[in-house]
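Visitor: Here the protein sequences come in this chain order: G and W.
Letter by letter, the first sequence follows residues 1 to 315 in this note's numbering.
Letter by letter, the second sequence follows residues 1 to 623 in this note's numbering.
Hints were generated in silico from the structure; no laboratory data involved.
Take these hints with a grain of salt, some might be off.
[To be verified] Calculated cross-link-like contacts (lysine to any residue; reagent style SDA-like; alpha-carbon spacing at most 25 Å):
#	chain 1	residue 1	chain 2	residue 2
1	W	267	G	178
2	W	455	W	485
3	W	381	W	322
4	W	134	W	185
5	W	410	W	581
6	W	235	G	160
7	W	160	G	51
8	W	623	G	96
9	W	267	G	177
10	W	267	G	169
11	W	235	G	159
12	W	160	G	176
13	W	235	G	86
14	W	160	G	45
15	W	160	G	235
16	W	267	G	179
17	W	235	G	50
18	W	267	G	296
19	W	160	G	50
20	W	623	G	45
21	W	480	W	461
22	W	623	G	176
23	W	160	G	160
[Claimed, not checked] A few chain W residues that face chain G, going by a derived Cβ cut-off under 7 Å, partial list only:
#	residue
24	276
25	301
26	307
27	311
28	414
29	491
30	494
31	496
32	578
[Unchecked claim] Stretches of chain G that chain W covers, calculated by requiring three or more beta carbons in the stretch to come under 8 Å of a beta carbon on chain W:
#	region
33	135–141
34	161–173
35	236–243
36	269–278
Glycine residues also receive a C-beta, built at the ideal position from the N, C-alpha and C atoms.
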Amino acid sequence: MARYVTRRVLQSIVVIIGVTIATFILIHLLPGGPARGLLGPSASQVQIHAFIVANGYNRPLYIQYGHYISDLVHGNLGFSYHYDQSVDSLIAQNLPKSALLLGLAYVVALIVAIPLGIAQAVRRNGWLDYSVTGTVFVAYSMPTFWLGTMLILLLSVTLRAFPPEGPQGSSVGAVLADPRALVLPVMTLAIVNIAQFSRFMRSSALENLVQDYVRTARSKGASEFVVLRRHVLRNSLIPIITMVGLSIPVAVGGALITESVFNYPGMGLLFWNAATTHDYPVLMGFTLVISVATALGSLAADLLYAVADPRVRYQ
Amino acid sequence: MEYPHQINGRPNDGIGRMIRGSTRGRYGVVVLSILCLGVAACSASAGTAAPAGPATPGGTVTFAEQPGNPPAYIFPLSPSSHTDFADLPDFQYLMYEPLYSVGQDGKAVLNQTTSIAYPPSYSAGDTVVTVKLKPYKWSDGRPVTSRDVQFWMNVLSANKADFGQYSPGAFPDDVKSTSYPSASEVVFTLKHAVNPTWFTDNELTQVIPIPQQSWDKTSAGGAVGNADMSPAGAKAVYNFLNSQALQLSTYATNPLWQTVDGPFRLKAFTTTGQATLVPNRSYSGPAKARIGELVELPFTTEQSEFNALRAGTLDYGYLPLTDVSQVQALQAQGFSVKSWPVVGTTYVPINANNPTVGPIFRQLYIRQAMTRLINQPEYLKDILDGYGSVDYGPIPAVPKNSYATASASKPLYPYDPQAAKSLLTSHGWLVHPGGISVCDKPGDGASECGAGIKKGAQLSFTLLYSSGIEYMSSEVQAMKTAFAAAGIDLNLASAPTSQVISESAPCSGGSACNFQMVYWASPSWTYANANFYPTGEEIFAGGGGANSENYNDPTNNANILATQSSSSPQVLSRYESYLTQQVPVLWLPNAPHEIAVVKNTLSGALPLDPYGQISPQLWELRK
């Protein structure tokens, strides 16, 4: 297992180094050059020259890359002239909030979707299966903004049960201090994910229910609960683990639409605003963070495969 | 350089809230404009609901900030990126009051009641300005004195390039010297005679006394002294205060910002822009705040703001244009809905310095022909649903003000496609309705196309407009159709407002001057913060910081200069009439600043200020 983990970690490091090289090249491909791109269209020639000298953009590329890596290691992702703030501080403000929102939504979705998918598989072609299948198809088909708006109209405007906005605190602690405000945005994201996860879980469980080892377990007198928990569930989780692993960069990147509908500024809105205002430092920082999250998510999924299925670690 | 979108008589981001040279400001303005289109109709039809009961002192009032544009700078010497409504009138001015404020009881006049100085006196042929301070006090009990004005002036003079409202040649460059004869007196000696109204409205309104006894230091732990008295010291002071202002998370806890002379002080602030202001109990002005707390709420989108309105969590918000059909529902919910027009102007700059089409745009008859193809009354009725007002010149007729002449509401070149075609034909163009007209007779004679226009030149232009704004899209589509009737081909392209603005910076030629026609917001420019007197030097004078059309007419430049040195109404009228006749830009109807939605239990919020400012110290909750 240690060898497997070491191999996968090293592979991830190589990927991350590749990402830094790609991001570094992207900075140099910015329209008008890195100084113009990072300072913005209103920068004067004097400012651009001063920036080039101060940041070493007049030095050989390999030296620039060394400085770039050094800055990254020290948590310096650049400076946003649009926000008058460092990129790392902007990400530090927004990433925890997005990660919290999406993380909660995924947890809720998994808690509901996994047993739901297994129940559907066990009761396949029964009324439960048909009704849940129909419901999740409807849920999965709903655009997030529409679902969120409907939830606001019903539970906030009409019933006044929950506030129409997400928590307005700027820290995770402040967000968690207002749990009622988290309900609607988490519910919106969870509903869509429940629909997705439960379908995968159902289909995966269906495949496992007809496997020899399940029949063997039953023939040995194991209860249905034990069969499902010990044999079907564990083997059926592989596709879910894949999806959760791929969800990590999504959680880091935020949910633009949900954040907009529920007035919950996070990484999604940060990226959108950066894209519409040509805030390249933020875009570059965001790209780097997402790329690293993708590599780490993939690594986490691979490691969890090995936990769920011992055969993986010996391959 | 200043850009449209700024509050102070500057370009708008589209929402009507514009301050000098701020891209953020512009953006926010645009958004607001979008939100507001329905206002005029609202105001006309959406009357105020039944009056609320007796006043209840205290209570919390929630106020909606512009979408995606929260306050983010507290030090009242703002850089250009922080000179919009969110940063100045909705935030800074509530804590730190300018020497002079403009707008009173819904009228476009100098507000002598809330200004912290008595009306200035002008002498020596209007080259000396004497300002006497009223007996105001800081929240720490110390009096507001001329030393506080001097402190601001010193910091400004040493750092003027960092001041968002600075334009080379204008304040403080036009001040020869400043003296402070007493604790309550400031004397500005100017380099030349000025129009007192212009100087007061556009220059003195920039001055904001700041607490020298608390802020005159160069580090958090440093002692307060007189560092500002030397340029190097003033730079160091600015660097320190600016660095503190960039730390949003410390706004409510940094003792610096707790010394205020305005009606409010900051109680809490989040990095997302939620500001909680409470009354300054030591406020020495005329109207002490009667509410217990003002919470300014940030919103990511206008839709999330509207959701909050419908859910009843806002006392003062705005209605997105796309939701104008909800006016009655809001009224039934206990809100008053009012159109909020501001003193601004809406136009499509046409780039006279564009290497290709610039020579065409420099022809007066071309500009007249294009103007005759814009049916403003129809746009107002069918696209803006009646919200807004027609605008035919640099000074709008609505809201009512003392500057506009009759030409502001009466078109000099009314919609007349036939007249447009005749103008083109009579100047040597082969007009191809539905196609592209071409120049048949080059030359600068009376019946020829004009200087710089070659034979075969085509009347085909690209109009770049802000994306995501429904009424703007409809307007440019209508223009495209109408222009086609005269063989003028408009190629429409859209981009985010910030991009439209950045691509339309004033230019003198070359690759940076490639844009042809742009439309970033309505109003495109609002005469507000420190630009109340509508002389238009920044948007229409040659070399103006926001002169995107690159219009440079000696007569107009002279007219503008005259408005700055003469207080005669005829001088301002001459400027306005000439520009209306010259049509340096294509004027379009003004959309309202926003459609204000105010709970009936909140009194004092109406009438709405013609410069888009709020005065929460006058607000009061009622049962």
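Visitor: Does residue 301/W hold up as a contact with chain G if the rule is Cβ-Cβ below 7 Å?
Guide: At about 5 Å, which falls below the 7 Å cut-off, the nearest Cβ of chain G leaves the hint on residue 301/W intact, so it holds.
Visitor: Are the Cα positions of residue 235/W and residue 50/G separated by 25 Å at most?
Guide: holds (19 Å)
Visitor: Answer holds if the nearest beta-carbon of chain G is closer than 7 Å to that of residue 307/W; otherwise answer violated.
Guide: holds (4 Å)
Visitor: Given the proposed pairing of residue 410/W with residue 581/W, does the C-alpha separation stay at or below 25 Å?
Guide: holds (12 Å)
Visitor: Report holds or violated for chain W covering the region 161–173 of chain G, Cβ cut-off 8 Å, minimum 3 residues.
Guide: holds (count 6)
Visitor: Is the interface hint satisfied for residue 578/W? The criterion is a beta-carbon contact with chain G at less than 7 Å.
Guide: Violated - the Cβ of residue 578/W stays beyond 7 Å from chain G, reaching only about 31 Å at its closest.
Visitor: Would the hint linking residue 480/W and residue 461/W be met if the CA-CA limit is 25 Å?
Guide: The given pair, whose Cα atoms are some 10 Å apart, holds under the 25 Å limit.
Visitor: Can residue 496/W be said to touch chain G, with a Cβ gap under 7 Å?
Guide: holds (4 Å)
Visitor: Quickly compare the C-alpha distance for residue 267/W and residue 169/G to 25 Å and report which way the hint goes.
Guide: Within the cut-off at roughly 15 Å; holds.
Visitor: Does residue 235/G sit within 25 Å of residue 160/W, going by the straight-line distance between their CA atoms?
Guide: Given pair residue 160/W, residue 235/G is violated - Cα atoms ~68 Å apart, limit 25 Å.
Visitor: Are residue 311/W and chain G close enough, Cβ to Cβ, to be under 7 Å, as the hint says?
Guide: Hint on residue 311/W: holds, closest Cβ of chain G at ~4 Å, below 7 Å.
Visitor: Please count how many residues of the region 135–141 of chain G have a CB within 8 Å of a CB from chain W and say whether that reaches 3.
Guide: violated (count 0)
Checked against the numbered hints above, the structure breaks hints 6, 8, 11, 12, 15, 18, 20, 22, 23, 24, 28, 29, 30, 32, 33 and 35 and satisfies the rest.
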